[in-house]
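Colleague: Model the placement of chain G on the given structure of chain U, informed by the hints.
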Amino acid sequence: MSPEIDVKTLIIDEQEVSGLRGQTILEVARENDIDIPTLCHMDGLSDVGACRLCLVEIKGSNKLLPACVATIYEGMEVSTNTGRLQQHRRTILELLFAERNHVCAVCVANGHCELQSLAQQQGVTHVRLPYRNPELGVDASHERFTVDHNRCILCTRCVRVCAEVEGAHIWDVMGRGINSVVITDLHQDWGSSACTRCGKCVQVCPTGALFDKSKVGSDHPKYPDFLTLLNQMREAQ
Amino acid sequence: MTIEELDQIALSVRQENAKYDYEVNVCMDLACASQGAGLLRDELVKAAEASGKKVLVRRTGCMGPCSSGPLVRVDPEEQHYHHVTANYAEAIVAGLGGKPVPELQCDLNDHFDGQVRVVLENAGHIDPEKIDDYISRDGYKALLTVLTEMTPNGVIHRITESGLRGRGGGGYPTGLKWSTVAKATGDVKYVVCNGDEGDPGAFMDRSVMEGDPHRVIEGMAIAAYAIGASKGYIYVRAEYPVAVARLTTALREARRRGLLGSNLCGTPFSFDVEIRLGAGAFVCGEETALIASIEGRRGTPKPRPPYPAVSGLWGKPTLLNNVETYANIAPIVRNGGKWFANMGSERSKGTKVFALTGKITNTGLVEVPMGIKLREIIETIGGGVPGGHKFKAVQTGGPSGGCIPADMLDLGVSYDALMKVGSIMGSGGMIVMDDTSCMVNVARFFIEFCMTESCGKCIPCRAGTAQMFTLLTRICNGVGTMDDLALLEDLCVTVKETSLCGLGQTAPNPVLSTLKYFRDEYLEHINHKRCPAGVCNIQAPVEVLA
Chain U
1 MSPEIDVKTL
11 IIDEQEVSGL
21 RGQTILEVAR
31 ENDIDIPTLC
41 HMDGLSDVGA
51 CRLCLVEIKG
61 SNKLLPACVA
71 TIYEGMEVST
81 NTGRLQQHRR
91 TILELLFAER
101 NHVCAVCVAN
111 GHCELQSLAQ
121 QQGVTHVRLP
131 YRNPELGVDA
141 SHERFTVDHN
151 RCILCTRCVR
161 VCAEVEGAHI
171 WDVMGRGINS
181 VVITDLHQDW
191 GSSACTRCGK
201 CVQVCPTGAL
211 FDKSKVGSDH
221 PKYPDFLTLL
231 NQMREAQ
Chain G
1 MTIEELDQIA
11 LSVRQENAKY
21 DYEVNVCMDL
31 ACASQGAGLL
41 RDELVKAAEA
51 SGKKVLVRRT
61 GCMGPCSSGP
71 LVRVDPEEQH
81 YHHVTANYAE
91 AIVAGLGGKP
101 VPELQCDLND
111 HFDGQVRVVL
121 ENAGHIDPEK
131 IDDYISRDGY
141 KALLTVLTEM
151 TPNGVIHRIT
161 ESGLRGRGGG
171 GYPTGLKWST
181 VAKATGDVKY
191 VVCNGDEGDP
201 GAFMDRSVME
211 GDPHRVIEGM
221 AIAAYAIGAS
231 KGYIYVRAEY
241 PVAVARLTTA
251 LREARRRGLL
261 GSNLCGTPFS
271 FDVEIRLGAG
281 AFVCGEETAL
291 IASIEGRRGT
301 PKPRPPYPAV
311 SGLWGKPTLL
321 NNVETYANIA
331 PIVRNGGKWF
341 ANMGSERSKG
351 TKVFALTGKI
361 TNTGLVEVPM
371 GIKLREIIET
381 IGGGVPGGHK
391 FKAVQTGGPS
401 GGCIPADMLD
411 LGVSYDALMK
421 VGSIMGSGGM
431 IVMDDTSCMV
441 NVARFFIEFC
451 MTESCGKCIP
461 CRAGTAQMFT
471 LLTRICNGVG
481 TMDDLALLED
491 LCVTVKETSL
501 CGLGQTAPNP
511 VLSTLKYFRD
521 EYLEHINHKR
531 CPAGVCNIQA
541 PVEVLA
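Residue numbers (our numbering), protein chains in the order written: chain U, 1 to 237; chain G, 1 to 546.
Looking at chain U on its own, in the form it has when it is part of the complex (with noise of 0.2 angstroms):
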């Protein structure tokens, strides 16, 4: 009997690629160098499919999948950065700019943001939109971290990193659409949450709606790639 073949051939943008069964577009894309916009994925956390920036287009379909959790397949043809793709993806960033009250000049991610960095690789220049400018507060009860709602974006990878490899569940989702907010614990101020102060939501947080108190001004980068490595010596064992 011969062994399964696991390996499938794919086109990613117009590029011959290679990959393992049960990969998803994502992984085999940027193995080979091909980039796709994320913002809610994170090598090492549970992907939600929920940010739409990773939607690629299939040849023979008119329906855009989410490249984080798509899996590959023998044949597929993959175009990553199509017109439309990126009229797309220009929207939902304006979305995001005119969704809460981002202002890159006082924020203490200036020049370490994910959404600042994917505006200008996506060229997004100005919002069209209306800005909404809801009231949103900053809990700074914690000892060590601030949270501001005003910079958050809804990506859930502190939630997710929190359950998932701290294993602690502080952070959850409340409410729902437009006023959907992350809290900690049943919505309580994150100073008297359960929280375990391992700091790892703060470094997966994409902008500055997560930061350490300790730092000032735009002197925040964040190291999320500890989460791989974590993940790695947690199998190892």
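Rather than coming from a laboratory, the hints here were simulated on the basis of the structure.
Values in this document were obtained by computation on a predicted structure and should not be read as measured data.
Hints are supplied without guarantee of correctness; some may be wrong.
Far from chain G, some chain U residues (derived; all Cβ distances over 12 angstroms) [what the hints assert, rightly or not]:
id, residue
1, 50
2, 53
3, 104
4, 224
For each label pair, taking beta carbons as the anchor points, the in silico distance ranges come out as [claimed, not checked]:
id, chain 1, residue 1, chain 2, residue 2, range
5, G, 315, U, 232, 22 to 30 angstroms
6, U, 111, G, 315, 39 to 47 angstroms
7, G, 78, U, 61, 50 to 58 angstroms
Using N, Cα and C, we set each Cβ at its ideal position, and we do this for glycine too.
Modeller: Only chain G this time, still in chain U's reference frame:
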């Protein structure tokens, strides 16, 4: 329980009913009950006792034309009485066998003649809390036949042959879905019924669950046998307390009669059903969100694949169908797939229940064969637009559907035809609008609904619907610009193409369809600051005197 025992029960119910000379059926569905049908029934019982006539007063589920409620049907004459109040009880009983009460008489022939009742065949004929009433009308016969005479594949074949498509809105072929779940590997499988009906103006599933709950349970049990499941869940929204109560009673009665539980009918097949309540989220009608909600998690959708057929409830293969789909199963099994396939149009078979609401004479439930012209539903069965107003549009499919204008009324109702004109079949809500409805305002209403019901998980739906609502509000208020309109159209495309689940993907449909057929109304609001229907409150610009 065996088929012979079932026949015995049916016979005894018929013998019991034969003791009476007259049957007075009182509709006790929500619309009628809220207008005093409960008191009316009590008075009818009293009057019947006082008269000495042999009268059976029976409470029933929805009879259909809710706007004529409280409704009473007197059998065997099949005389309908409308707008009946409790003080007419004596007159009705006195009129039995003689002259009907003239002031209550109504002509609903046009309303009923155009209908074909499959799902609603028992509506108005049985007491929903009595399992024996259901059994007397061939209830559970299909289940027992299936268990004793058919193979699971045979059942699936029959459903496939019938051409039944999912009645929840998507129109996915039911037989295909069943065979996918049947083929999925796994020791445990689940059958789930989606009773989280949430479209504004839709109440078909509620009426079925309240008026004929055993029909849904029987359909689920047959499905469980076909796919190899032994556990089922009915997910009902908590806003339907009567449906929940009736289903609870029905489940208890079915267990008592041995129609649910272990080793049904002496076969190795076991099946039981649990009720799960929704906590008021429209998005939980989406299958992956519904499954998350049953599991006790936050009701948010997940990307598919994996489809529930492969990995659903607790990661097990799960069959998920809508209430009305399950309600069609027993008649298909009883009468054969071909019987069902003979009704309807080429690619949409059978009948569909619609909830007619809005500016129409006979609001209520109707069941019509697929392929019937919209005009017939609205003008003949629905009785047309009242008050001398002019028909303007009909909205199908709720917040996921679109508005169909007057010149398309000769369209035959089917999944594909409705999709083609920019609407969808949806679960069956049909909202009729006349010249007093502003189409921009209608679009704004539906977008507001989608905005508040969005779960907030994906960005296009969460922020996109909120932005669309803002832009539509500006247009309604007479401060919108042509730039706003262009932006709105842009957003429609992005929200439609990039949203995670069906809620977001279809949310722009009401806007897109009104833009397509009623663009002049948008332009009138923007360019002339005028609402043609006089609905939007546009303030005249204040003149500043120098």
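Colleague: Check each numbered hint against the structure and report the violated ones by number, ascending.
Modeller: Those not satisfied are hints 1 and 2.
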